[in-house]
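Number of protein chains: 2
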Amino acid sequence: MPRWNTVAIVGVGLLGGSIGLGLRQRGLAKQVVGIGRRRATLDSARRLGAITTSTTLLDRGVHDADVVVVCTPVDQIADHVKAAAACCPQGCLLTDVGSTKGRIVSQLDGGLPAGTCFIGSHPLAGSEKRGVAAADGDLLAGRVVVLTPIRGTEPKARRAATTFWQSLGARVVEMSPAEHDAALAFTSHLPHAVAVALALAVPAADLALAAGGLRDTTRIAAGDAEIWTQILLDNRENVAATLEQFDASLADLREALATADRRQLKRILTQAKRKRDALGS
Amino acid sequence: MPRWNTVAIVGVGLLGGSIGLGLRQRGLAKQVVGIGRRRATLDSARRLGAITTSTTLLDRGVHDADVVVVCTPVDQIADHVKAAAACCPQGCLLTDVGSTKGRIVSQLDGGLPAGTCFIGSHPLAGSEKRGVAAADGDLLAGRVVVLTPIRGTEPKARRAATTFWQSLGARVVEMSPAEHDAALAFTSHLPHAVAVALALAVPAADLALAAGGLRDTTRIAAGDAEIWTQILLDNRENVAATLEQFDASLADLREALATADRRQLKRILTQAKRKRDALGS
Chain A
11 MPRWNTVAIV
21 GVGLLGGSIG
31 LGLRQRGLAK
41 QVVGIGRRRA
51 TLDSARRLGA
61 ITTSTTLLDR
71 GVHDADVVVV
81 CTPVDQIADH
91 VKAAAACCPQ
101 GCLLTDVGST
111 KGRIVSQLDG
121 GLPAGTCFIG
131 SHPLAGSEKR
141 GVAAADGDLL
151 AGRVVVLTPI
161 RGTEPKARRA
171 ATTFWQSLGA
181 RVVEMSPAEH
191 DAALAFTSHL
201 PHAVAVALAL
211 AVPAADLALA
221 AGGLRDTTRI
231 AAGDAEIWTQ
241 ILLDNRENVA
251 ATLEQFDASL
261 ADLREALATA
271 DRRQLKRILT
281 QAKRKRDALG
291 S
Chain U
11 MPRWNTVAIV
21 GVGLLGGSIG
31 LGLRQRGLAK
41 QVVGIGRRRA
51 TLDSARRLGA
61 ITTSTTLLDR
71 GVHDADVVVV
81 CTPVDQIADH
91 VKAAAACCPQ
101 GCLLTDVGST
111 KGRIVSQLDG
121 GLPAGTCFIG
131 SHPLAGSEKR
141 GVAAADGDLL
151 AGRVVVLTPI
161 RGTEPKARRA
171 ATTFWQSLGA
181 RVVEMSPAEH
191 DAALAFTSHL
201 PHAVAVALAL
211 AVPAADLALA
221 AGGLRDTTRI
231 AAGDAEIWTQ
241 ILLDNRENVA
251 ATLEQFDASL
261 ADLREALATA
271 DRRQLKRILT
281 QAKRKRDALG
291 S
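Top to bottom, those sequences are chains A and U.
Numbering follows the numbering used here, in which position 21 of the first sequence is assigned residue number 31; successive positions increment by one, without gaps.
Numbering follows the numbering used here, in which position 114 of the second sequence is assigned residue number 124; successive positions increment by one, without gaps.
None of these hints come from the bench; they were simulated from the model.
Bear in mind the structure is a predicted one, so any value in this text is a computation, not a measurement.
The list cannot tell twin chains apart, which means a pair is met if one copy fits it or any two copies do.
Only pairs whose alpha carbons sit at most 30 Å apart, straight line, appear in this in silico BS3-like list of lysine-lysine:
#1 Lys139 <-> Lys285
#2 Lys92 <-> Lys40
#3 Lys139 <-> Lys283
#4 Lys276 <-> Lys92
#5 Lys276 <-> Lys139
Build the full structure now, drawing on both the sequences and the hints.
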C-alpha cells in the first residue's frame, strides 16, 4: 500500500522528476502531481512516469497533498512555499530542495501560517544535466539529504521529512541553515566557481588537446547558468570566504613552483592526494 | 601476421601496460618485452597479458626491438632513451610517452648516436589511476597522441611513430615541443594544480557533504604525487603563465560576486558553459 496518497512536486526538472519517478517506482505514492509553468514539460514528465497528473496552477496542485516538494530555482522557492502553505491541507509536509538555505529559511520563518509543517531540505545530488528527461528514480539512493531545522520548526516536519527522504534511499543529516551554507560553499559552490574560471582560462584553440583531467575538472561548468547565478549570489559571502582559502592553498603550490622546491611541492601534492583518496571515487 | 616482431616497453605501469595489452589484443606484436626494476610488477604484467617476456636489464630488453617505448617518469625518460639508443638495433623506432616534451627532446637533441630514429610522443590518456593492474588495451582508442618532431628528427621516425600509435586506435597530431608544453600547461597541468588547491582548501570535516561536483573537480588530485611533482616542475614556467590567466578569469567572477552583479555573473557562467559544452562529456 502506498505510504502517501498524494505528493505534489512544484517544478518538474531533473530533481523534481527524479523524486517523482522514485516515488512511483517504489510504489510510495498513489498520486504524484506535477506543478509547472510549461505544459510541454509536464506532459513529458507524465510520459516518463515521473508524475501521474499535472497542473499549471499551484493552488489546485497542492490542494489534496500529503507532501509538497518545491523544486524550483532558489530565487523562487520561498514564494512557492508560501503559496503552497496557503492552499495545502492542514498537516501537509512542505519542503524544498534548494542548494542554499539561509535566506530561504529565514524568509519563511514567521512568514507561514501557524502550524505549517515546513522544513528546508537539500538533497546533495546535483548534476550538470537538467530537465526531466535526465530524471532517475534512484538519483537519491545512497545520497545525503541535509535538513535545516530552526527553532520554530515543527517536530513532526522533521520526522515526516526524514521519513520522506529515507523512503527514496537517502541518508538524512541535520544542521542549521548557516552551517549548511558555510559547508556547501566549500563542497559545491567553490568547486563550481573554480570550474568556471578554469573553463574560461583555457584557450579555445587548445581544447583539442584536452584529456580526462580537464573534462573532469570543468564538468560542472556546464551546469545551467541561471540556476548557478542564483546559487552563487545567494551564498556570496560564504563563497568569497572559500575563495580566500582556495587562494591560500594555491599560493603555497605557486610558491613551491616558483622556487622549484621539489620537496615542498611533493608534500603539497601528497596532502592533496590523501584528502582526495578519502573522498572516494 | 603481426606488424612488429618485438616491441620493448620500458616502465610497465598504467600507460606502458595498456600499450602492451593493446598490441597483444590486436595481434600487432609477436613479442612484447617488459623492462622494469621490480620483478613483481613485471610478473603481474605478464599474467595480465600486457607483455610476453620481461627483464630488469634495459640493454638486454631492447636488443632485438623494432620499437622501444619509454614509459618511465619524465625525470628518467631522457636517460632511458639514451640507454636504449646505445643497445637497440639500427632502424629501431624509439619514442616515449612523457607528459612534458621541451626538456626531454632538447636533452636528446644531439645526444643520440647518428641515425637514431627517435621522436617524442605524448598520448593524452592520463588517469588518476596508476599501475599495470589498471591497464586497458583500449586506453588509446580514440585518444590524441601528440608527436613533437624537431629539425633533426628522422622522417622515418615520424612515419613509424604515426603508424605505431594509429595501430592502437589513436589520432596523431604534430607540434613542436614548445607548442606542446604551452598547450598542455593549460589542458592538463593547470587543471591539476587547481584540483590540488581545491582539495586542500575544503575542510576535512565538510567532505561528508561532498557531491558529484567536488568529486569530479578534484579527481585528478588523487594522481601520483611524485609523477606530478616532476611534470609540474618540468613545465613550471608555462604553468605559472596559465595560473595568471586562471587568476584573471577567477577575478572577473569574484568581482561580479562582490558587487552582486547578476547580469555580469550570468554572462560569465554562460560563457563557461558554452566552452565546456564544446568539450563534450
